[in-house]
Amino acid sequence: KNEVEQSPQNLTAQEGEFITINCSYSVGISALHWLQQHPGGGIVSLFMLSSGKKKHGRLIATINIQEKHSSLHITASHPRDSAVYICAAEGMGGSEKLVFGKGTKLTVNP
Amino acid sequence: DVKVTQSSRYLVKRTGEKVFLECVQDMDHENMFWYRQDPGLGLRLIYFSYDVKMKEKGDIPEGYSVSREKKERFSLILESASTNQTSMYLCASSLAGVGDGYTFGSGTRLTVV
Numbered sequence: 001k002n003e004v005e006q007s008p009q010n011l012t013a014q015e016g017e018f019i020t021i022n023c024s025y026s027v028g029i030s031a032l033h034w035l036q037q038h039p040g041g042g043i044v045s046l047f048m049l050s051s052g053k054k055k056h057g058r059l060i061a062t063i064n065i066q067e068k069h070s071s072l073h074i075t076a077s078h079p080r081d082s083a084v085y086i087c088a089a090e091g092m093g094g095s096e097k098l099v100f101g102k103g104t105k106l107t108v109n110p
Numbered sequence: 001d002v003k004v005t006q007s008s009r010y011l012v013k014r015t016g017e018k019v020f021l022e023c024v025q026d027m028d029h030e031n032m033f034w035y036r037q038d039p040g041l042g043l044r045l046i047y048f049s050y051d052v053k054m055k056e057k058g059d060i061p062e063g064y065s066v067s068r069e070k071k072e073r074f075s076l077i078l079e080s081a082s083t084n085q086t087s088m089y090l091c092a093s094s095l096a097g098v099g100d101g102y103t104f105g106s107g108t109r110l111t112v113v
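Going down the list, the sequences are from chains A and B. The numbers in the working numbering rise by one with no breaks, and the one at position 7 of the first sequence is 7. The numbers in the working numbering rise by one with no breaks, and the one at position 21 of the second sequence is 21.
Any given hint might turn out to be false.
[What the hints assert, rightly or not] Derived DSSO-like pairs (lysine-lysine); straight-line CA-CA distance at most 27 Å:
1. B:53 to A:97
2. A:97 to B:57
3. B:71 to A:97
4. B:3 to B:53
5. B:55 to A:97
6. B:55 to B:70
Think of the hints as simulated: they come from the structure by calculation, not from any bench. Since this is a predicted model, take the numbers as computed values, not measurements.
Hey, can you work out the whole structure from these sequences and the hints?
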């Protein structure tokens, strides 16, 4: 079965903390997406990864293809990082469709 | 700035009404998708389209239909709205065959009363 699991489901942090959100998937994929959704807002694509690591500002995404695992890191977290972070796997079973994790709700307190 | 635009941000409809949710993209993307998002269930695929006039059922197509007469426009139709279709609806588009280019709309919060 094509599944994507995210952890933790909820995460509360203090401003400045280093944050890690994890995503694992059950079968081989062609790409892994990390998405961000602010309360009441639409979804923004943060990263698309097929191997290695990508960095954008304070956000870093890594993927380990052999272990079927990806992580999203936020350095020096800030209250404006509070959002739901969603990972999505593409290419499961050869499909171009995305299979989504259920999301991680991050709250960063000042 | 490239965009996926959903016609309404908030919508309130009555049970039994026919509802149209419109999505337009300006990126010449081949693929277009309709999802619904519910607490605890995440994003679930309703329908998708790989080309004009082509459509395929996703994971939860019951109670919905779609139309794609032009490449840039993908419409989701609720033939007879029901209260269990109250949800956030998200449209997305992507290039064919590659992982990059996935772009999401801002969502339509539909309430059926």
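Do the hints match the structure? See the list:
1. With a C-alpha separation of about 18 Å, the suggested pairing of residue 53 of chain B with residue 97 of chain A holds against the 27 Å cut-off.
2. Restraint check for residue 97 of chain A and residue 57 of chain B: the C-alpha separation of about 12 Å stays at or below 27 Å, so the hint holds.
3. Taken as a hint, the residue 71 of chain B and residue 97 of chain A pair is honoured in the structure, with Cα atoms around 18 Å apart against an allowance of 27 Å.
4. For the suggested pair residue 3 of chain B and residue 53 of chain B, the alpha carbons sit about 21 Å apart, so the restraint of at most 27 Å is met.
5. In summary, the hint linking residue 55 of chain B to residue 97 of chain A is supported, as the alpha carbons are separated by about 13 Å, within the 27 Å threshold.
6. Under the criterion of a C-alpha separation no larger than 27 Å, the hint pairing residue 55 of chain B with residue 70 of chain B is consistent with the structure, at around 12 Å.
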